Every structure is written in structure tokens, then in C-alpha cells.
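Construct all of the structure, not just a fragment, from the sequences and the given hints.
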Amino acid sequence: MTAHAPASDPVPGAALVTGGAGGVGLATARALARSGRDVALLGRHAQTLDAAAKALTRESGRRVVAVVADVADRAAVESAVAKARAALGPLLVVVNAAGVAESAPTLPPDDALFDRTMATNVRGPWVVTTACLPDMLAAHHGRVVNVASTAALQGARYVAAYVASKHALLGLTRALALDLASKGITVNAVCPGFLDTAMTERTLAKIVAATGRTREEALVDVLKSADQASLLSPDDVAEAILRLVRGPAERTGEAVEL
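Read the sequence shown against the numbering used here and you will find it ends at 258, with the numbers running on by one and no gaps.
Simulated from the structure, these hints should not be mistaken for laboratory data.
Be careful, since some hints might not be right.
Mimicking DSSO-like on lysine-lysine, the simulated pairs with C-alpha atoms at most 30 Å apart in a straight line are [claimed, not checked]:
1. 83 <-> 54
2. 83 <-> 183
3. 206 <-> 183
All values reported here derive from a predicted model rather than from experimental measurement.
Have a look at this one:
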């Protein structure tokens, strides 16, 4: 039997969240499950995903399953989506939260870093979204939310690949929103600044190693560069995503800055 979200949510069906084992992905999966929706967590590490899925099931009482795939691998994603659909029914919500962010100077050029950043941050949302679109088209209902960044709206130093990928993701969001507007499917993006996540901690550690500054000094500089007073919570981003999931069909192609 296909699970349905509460009547207050205009879109029924299950959700698939990439990067679901931690950070924004896990926070979003928790928010979706608490709102009454069954959720599939997609990521690369089975053990971490399984633990997260079991914890969310106990916590929310919803069905939460783990499916393993690299988001850039079409065959693996198609297989994972099929498993999630078999367990939960039609996947009518997709949250593309998986992402990578690595800093490097422009020269010498690191083509491998550029390629893997684009693979995860741009190809990944394209592959996952298109793998789930048949369910949405059949239902004439769907919500896709891409986790972009303020880096999708402006440049930043030492992260050219990341900035390029997030600009591309926002372009993909807007293009798909136009393509799917008449199908009852919305495609939106959230654009948070620096988050209180392991990814930000890795960035700070790299700055500390390269400059000799303390973590606190590095954090001040990072926050200043983004015009932030403090790091954002993943839960704040999850709430913004939930509002888009619950939003009307007319709300599409947006970039919600946080």
C-alpha cells in the first residue's frame, strides 16, 4: 500500500533524499518523516544510511529505507530508485542534498577536483531527478528541491569548481521548472550560506592548515565573506525545504536564499 502524507500536504507519495546520512539531507529527511511522509535515504555508505534510516523509523513511526548509489552513476541510481519505489510506492518528492565542496587555487589547475565536483553537484541532481520523474508525471504531482548555495548567486575565492557547480545547479533548477510547469511538478532551490556541518568543518581545517590561523579566526573570516553572523543550522534549511515541498504548483523556479 502506498503511504500518504497528511491532508495538509498538497502532494502525497514518498520522498527520496540524497545525502541522507548527515547534514542537510538527514535534517530534511527527519522533517519530512515527522510531517508524515515515508522517506528513502540515498547515499554511498550503506552502514551509515542504514543506521540513520532505523533511527528515523523509530523516531517518526514512518517507513524510512536506505538505498545505496553514487548520485552521478545513472545505472546505480535507477536501481536504487526502483528499490525505494518497491518499498514505499511512488516517489513524488525529491530533495537533492548530496554535495561536495573542495577549495583549491586556480593554478595549478586541478581538473580532477573540477570533474568530481560537477559530477556530484550537477550531474547528480540531474540523474536523480530524471530517474524519479516518471512517478511524478504519472501522478501529475511532484516536488523537486535542489540544495544549492549562496555560491549559486555570487562568486567566492578558492572554490571556482564549487561556485561553477552551484551556478549550474541553479540554472538546471530554473530550466526544469519551465519544462515541468504544466505537469504539476515544481522545481526549486534553496541557497544557504555556511552551515554548521562536517563539510564546513573540513573547510575550516583546511584554512587552518594552510594559514596557521586558529579555527576561530578562520571562522570569523568565513562568516564575514558570506555576510553571516553565525553558521546556519541544517534544521533551518530543512524547514525551508519543507515549505517548498508543501508549496503550491505556482511556486516554481525559485532560489530561496537563507
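>> So, against the hints stated earlier in the document, which numbers end up violated here?
In response: 3
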